[in-house]
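Let the sequences and hints guide you as you build the complete structure.
Mapping of the sequence shown onto our numbering: position 41 corresponds to residue 41, and the numbering continues sequentially without gaps.
Calculated from the structure, these hints are not laboratory results. Beta carbons: idealized from backbone N, C-alpha and C, even for Gly. Don't take every hint at face value.
[Unchecked claim] With a straight-line Cα cutoff of 30 Å, these simulated DSSO-like cross-link-like pairs (lysine-lysine) come out: (1) Lys168 - Lys67; (2) Lys168 - Lys101; (3) Lys364 - Lys391; (4) Lys437 - Lys391; (5) Lys101 - Lys437; (6) Lys242 - Lys51; (7) Lys327 - Lys168.
[As the list claims (entries may be wrong)] For each label pair, taking beta carbons as the anchor points, the in silico distance ranges come out as: (8) Pro374 - Glu428: 25 to 31 Å; (9) Glu322 - Ser267: 22 to 28 Å; (10) Thr271 - Arg399: 19 to 25 Å; (11) Lys67 - His421: 19 to 25 Å; (12) Asp244 - Lys344: 22 to 28 Å.
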Amino acid sequence: MATTEKKLKRRNGWCIALAVIMILGGCIAIHYAACGITPAENYYGNGKEWKSTDSFAEYYDSMPTLKLAEEQTSLKIMQITDAQIKFGYMTQDVETFDLLKKAIAVNRPDIAVVTGDLTLSIFAKGAVEYFCDFMEEQQVYWAFVYGNHDSEYGLSKYRHSKIFDRYKYCLFDGGPSNIKGESNYFVKVVDSRGDLLYALSMIDSNMYPDVKVNSGHLLYDEVSAEQAEWYAWNVQGLRTIKSDIQSSLFMHMPFRAYADMYNDIQSGVVTKSSGFILEEGWTYTNPFSGKSTEMPGVYFQTGNISADYDGGGYALYDKIVELGCTKAVLAGHDHVNNLRGVDKNGVMLAYGRCCGYHTYPFFKDENELKWLHPFVRSLFNYTDVQMFRSKWIDPETGRVLGKGVSYLEVDLSAENYGACHMYDVAHESLSSGVVDKEYVLDF
1 MATTEKKLKR RNGWCIALAV IMILGGCIAI HYAACGITPA ENYYGNGKEW KSTDSFAEYY
61 DSMPTLKLAE EQTSLKIMQI TDAQIKFGYM TQDVETFDLL KKAIAVNRPD IAVVTGDLTL
121 SIFAKGAVEY FCDFMEEQQV YWAFVYGNHD SEYGLSKYRH SKIFDRYKYC LFDGGPSNIK
181 GESNYFVKVV DSRGDLLYAL SMIDSNMYPD VKVNSGHLLY DEVSAEQAEW YAWNVQGLRT
241 IKSDIQSSLF MHMPFRAYAD MYNDIQSGVV TKSSGFILEE GWTYTNPFSG KSTEMPGVYF
301 QTGNISADYD GGGYALYDKI VELGCTKAVL AGHDHVNNLR GVDKNGVMLA YGRCCGYHTY
361 PFFKDENELK WLHPFVRSLF NYTDVQMFRS KWIDPETGRV LGKGVSYLEV DLSAENYGAC
421 HMYDVAHESL SSGVVDKEYV LDF
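Structure representation (structure tokens):
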């Protein structure tokens with residue numbers, strides 16, 4: 001018995017040490033953010049340049065493809081967001097992979113889409129490979145867009161793409177090398193004969209501004225105007241193949257229209273919504289500069305409605321509204337938000353459920369690793385909701401949420417083409433083998 005207790009103490013000691021290492025690594029990441037450094041600058045993408053005069057037919061032929069079964073009339077997409085894996089095979093990552101494995105087993109998707117921050121690790125290469133191996137074992141096709149953390153350490157976006165190339169079930173394309181971002185691409189969804197049914201648009205929401213802007217404050221970059229033009233070119237090209245084509249769009253950081261929708265919900269302009277915002281009400285103090293930033297509940301790109309680093313702003317959203325092809329936009333980034341609603345222009349803007357146990361909310365409750373709490377609070381100025389999963393509570397029902405995943409089901413039948421059904425499923429529900437749908441939105 002004594003020997004067993006010693007082993008447990010040693011194991012717990014190593015886990016605590018690793019937790020400290022990860023937190024210190026997070027400090028380094030924040031330092032990158034505060035200084036406006038983009039570790040993955042000099043966009044590479046897939047090594048090919050794009051021009052608006054290019055032949056869409058050639059581009060379409062090389063587009064990643066998801067083929068559905070014969071007579072299949074619906075598409076089920078599982079959103080994986082903010083896993084922030086550190087190793088994959090130990091520490092809190094074990095719980096993250098337990099969640100993902102059960103989600104796939106209990107409510108198997110046709111495709112999973114990782115909406116960024118798959119890893120935040122000084123051991124990123126091993127963590128990414130562990131995830132890729134896991135998805136191969138599950139035999140589930142998946143797509144990926146970068147978050148702000150994925151390439152903060154030694155694994156650049158280019159090196160990510162070289163790993164992804166090795167895996168059969170990974171439907172990834174780095175996108176054009178001459179526009180901003182390195183995960184701008186479309187996945188075409190086709191029937192058993194190869195005819196186009198639907199499309200998934202992946203947009204790199206980028207990381208931090210390429211130049212120092214208000215150095216010392218936490219700022220994020222935004223989707224550029226050229227990315228918006230590239231998106232529009234693809235939609236117009238897809239319409240030459242299927243005139244009524246519809247699509248969903250996936251990105252990591254929400255754009256500014258999310259903040260607009262949230263405000264419209266408060267004022268009663270938007271009435272069709274589910275979920276809530278819990279990120280508001282805290283101040284981030286940079287540990288290096290000492291400067292403070294008030295964090296809005298919806299941390300849309302740049303965090304400042306007047307900022308415009310390279311002509312982005314509403315450019316992508318305006319194209320979405322103008323073209324009317326994309327009915328749903330799914331993002332992550334703000335871990336304790338799970339709001340989704342149909343905005344005043346008829347576009348569903350949604351947060352996916354955070355699945356990562358190695359990121360905030362960090363601790364199960366106020367008793368887990370208590371000695372770390374003062375350190376984490378002083379570093380990030382987190383609220384109780386961001387610290388403890390036991391405090392991550394639905395303000396209307398008082399129920400604890402917990403980590404989980406989100407699903408988007410799309411009707412592909414002629415009678416109801418493009419109708420969507422979105423919902424979350426919590427880890428606890430999946431552990432019981434049940435798909436208990438939460439925060440459902442039909443549109």
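Below or equal to 30 Å on CA atoms is what counts here, so check lysine 101 against lysine 437. Holds, at about 17 Å.
Honestly, do threonine 271 and arginine 399 meet the 19 to 25 Å range at C-beta? holds (23 Å)
Check the hint pairing lysine 168 with lysine 101 against an upper bound of 30 Å on the C-alpha distance. holds (18 Å)
Holds or violated: lysine 327 and lysine 168, Cα atoms, limit 30 Å. With a Cα-Cα distance of about 29 Å, the restraint between lysine 327 and lysine 168 holds, given a limit of 30 Å.
Indicate whether the distance between the beta carbons of aspartate 244 and lysine 344 respects the range 22 to 28 Å. With Cβ atoms ~23 Å apart, the hint holds.
Honestly, do lysine 67 and histidine 421 meet the 19 to 25 Å range at C-beta? Roughly 22 Å apart at Cβ, these two residues keep to the hinted range, so it holds.
Starting from the range 25 to 31 Å, see whether the pair proline 374 and glutamate 428 falls in it by beta-carbon distance. Holds - the Cβ-Cβ distance for proline 374 and glutamate 428, about 29 Å, lies within 25 to 31 Å.
Check the hint pairing lysine 242 with lysine 51 against an upper bound of 30 Å on the C-alpha distance. holds (22 Å)
Does lysine 364 pair with lysine 391 here, judged by a C-alpha cut-off of 30 Å? It holds: about 9 Å lies between the C-alpha atoms, which stays within 30 Å.
Range first: 22 to 28 Å. Now tell me if the beta carbons of glutamate 322 and serine 267 are that far apart. The hinted range 22 to 28 Å holds for glutamate 322 and serine 267, with Cβ atoms some 24 Å apart.
Hey, lysine 437 versus lysine 391, does the alpha-carbon distance stay inside 30 Å? It holds: about 21 Å lies between the C-alpha atoms, which stays within 30 Å.
Given the proposed pairing of lysine 168 with lysine 67, does the C-alpha separation stay at or below 30 Å? holds (14 Å)
The structure meets every hint from the earlier list without exception.
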